[in-house]
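Chain residues, written in single-letter form:
2 protein chains.
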Amino acid sequence: MYSPAVQKLIDELSKLPGVGPKTAQRLAYHLLKLSPEEALPLAQALIDVKDTVHFCTSCFNLTEQELCSICQDAGRDSTAICVVEEPGDIISIERTHEYRGLYHVLGGALSPLDGIGPQKLRLAELFQRVRAADVREVIVATNPNMAGEATALYIAEELRPSTASGTLRITRPAAGLPMGGDLEYADEVTLGRALTGRRDL
Amino acid sequence: MYSPAVQKLIDELSKLPGVGPKTAQRLAYHLLKLSPEEALPLAQALIDVKDTVHFCTSCFNLTEQELCSICQDAGRDSTAICVVEEPGDIISIERTHEYRGLYHVLGGALSPLDGIGPQKLRLAELFQRVRAADVREVIVATNPNMAGEATALYIAEELRPSTASGTLRITRPAAGLPMGGDLEYADEVTLGRALTGRRDL
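Which chain is which? The protein sequence lines are A and B, in order. Residue 50 in my numbering sits at position 50 of the first sequence, and the numbers go up by one each step. Residue 2 in my numbering sits at position 2 of the second sequence, and the numbers go up by one each step.
Okay, chain A solo, but in the shape it has when bound:
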């Protein structure tokens, strides 16, 4: 029913996460209504990103250079590595202004059912970094869900021998009640974790 070019655009938009056929149709009609000067920058931005952006050779954050801006920053604490699943997680942590160390992006989390084993993630590169440099703390900030927890346990197991000398700590951000949340509406797992991890006032 659509002309071939419109159908192709709708098909490509449907492949985006969270975009169903109806939304794809709506986006396509929006793009069709725009002037070329308004619509083409999106296509160009996508082409440019694929052309210039790649992974930092050290931490696998996204960058347009060899090393990302965080790895290049001499003011950061190179004895701490925060392990995250995706580059976007770095942005979230940076926004807190609570961390001044380096990062390591795994590119996902262990999920055997989806065929994602240790070799699909940048785990070997992480262990290599921890062994090669003077690293005192590895903060495993994978997501607090099944896959993220499994990944955190896997990393802790692999790094366990290095902690024997007492120079390396492996930590994980606290699980507990979100600020501004309500005890009544907390799920039992979160509330259980909050109680287990209770701190002296």
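For the record, the hints were derived by calculation from the structure and aren't laboratory data. Check the hints yourself; a few may be wrong.
The list cannot tell twin chains apart, which means a pair is met if one copy fits it or any two copies do.
What the hints assert, rightly or not - Listed below are the simulated DSSO-like cross-link pairs for lysine-lysine, each with C-alpha atoms no more than 27 Å apart in a straight line:
{"id": "1", "residue 1": "Lys33", "residue 2": "Lys8"}
{"id": "2", "residue 1": "Lys33", "residue 2": "Lys120"}
{"id": "3", "residue 1": "Lys33", "residue 2": "Lys15"}
{"id": "4", "residue 1": "Lys120", "residue 2": "Lys15"}
{"id": "5", "residue 1": "Lys33", "residue 2": "Lys22"}
For this one, chain A is given, so just place chain B on it according to the hints.
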């Protein structure tokens, strides 16, 4: 915090309707994770659409030719014109298989507050078509909301003189309860319209 190319992509994605900064970031990271072979077809589809798709010179539907496939179809009833706001509305009406006439796409609805007056829509072209050809019915299928209703009234007023001879009908799709709906949950305007427009069984 993002590299310039990533920031540019996020900015461009944020301009899409219904896409906020968070969604734009998620979409951008999704596109960054894809291989160039997976991501670039979207950019290409957008470029192609801007290159090949334009408005039908008769009804302003989208087409890759001079006339859209509906205007080209000799089997359609050329004495009926269904007026819609957007090209997407044609798809919705075609899906019903209840209409075999031609269309006219206004490109929006009257909305003085947004600066959309009659000259911004393809109203002159509509009146021109109705006068020039042997048109027996104009179905004003603008949306059943404030702007759509105002546009329908405007069209009816303008075409009123042509109806005097009795050869031209101006109609509007029935407003009423949606099929599968529930009387209890119908809003009062819809229910009121449904009662006003009641039909003999």
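Here is what the structure says about each hint:
1. Lys33 x Lys8: The answer is both: 16 Å in one copy and 21 Å across copies each meet 27 Å.
2. Lys33 x Lys120: between (42 Å within a copy, 14 Å between copies)
3. Lys33 x Lys15: Answer is both; intra-copy 21 Å and inter-copy 13 Å each pass.
4. Lys120 x Lys15: Cα proximity of Lys120 and Lys15: one copy only (22 Å, versus 34 Å across).
5. Lys33 x Lys22: The answer is both: 17 Å in one copy and 24 Å across copies each meet 27 Å.
In terms of the numbered hints stated before, the structure departs from none.
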